Amino acid sequence: MVFPRVTKFYEKAGCPPRMALNKLRQLDNDSVGITMPKDDMRVEGLLDENGKVDGDYHIHIRHVDDGQWSLELVEEIDA
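Under our numbering, the first residue of the sequence shown is numbered 1, with each subsequent residue one higher.
By construction, these hints were calculated from the structure, which means they are not laboratory data. Do not take every clue at face value.
Under the rule of at most 25 Å between Cα atoms (straight-line distance), these lysine-lysine pairs were calculated in the DSS-like manner [what the hints assert, rightly or not]: (1) Lys38 with Lys23; (2) Lys52 with Lys23; (3) Lys52 with Lys38.
As the structure is a prediction and not an experimental result, all values here were calculated from the model.
Whole structure, please, built from the sequences with the hints as guidance.
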């Protein structure tokens with residue numbers, strides 16, 4: 001998962017991006033989920049001043065290869 005603004009933030013700060021290890025969690029019988037680091041979401045502007053999700057966002061997840069997925073923030077969804 002790479003968010004360009006987060007990567008630029010770490011580059012400007014002169015440090016390499018962190019490699020977060022997040023646990024896969026069972027959500028219900030049909031789906032699983034992972035947590036996403038709040039610091040990264042804050043840098044992306046997706047959280048309000050209280051650390052809560054600020055808006056209605058969607059992430060497009062693509063299975064790229066064995067054991068690899070790509071996540072992309074979807075800016076707008078056409079209804």
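Hey, lysine 52 versus lysine 23, does the alpha-carbon distance stay inside 25 Å?
-> holds (21 Å)
Pair hint outcome, lysine 52 versus lysine 38 [Cα-Cα no greater than 25 Å] | holds (9 Å)
Straight-line Cα separation of lysine 38 and lysine 23 no greater than 25 Å?
-> Satisfied, since the Cα-Cα distance of roughly 15 Å is no more than 25 Å.
Violated hints: none; the structure is consistent with every hint.
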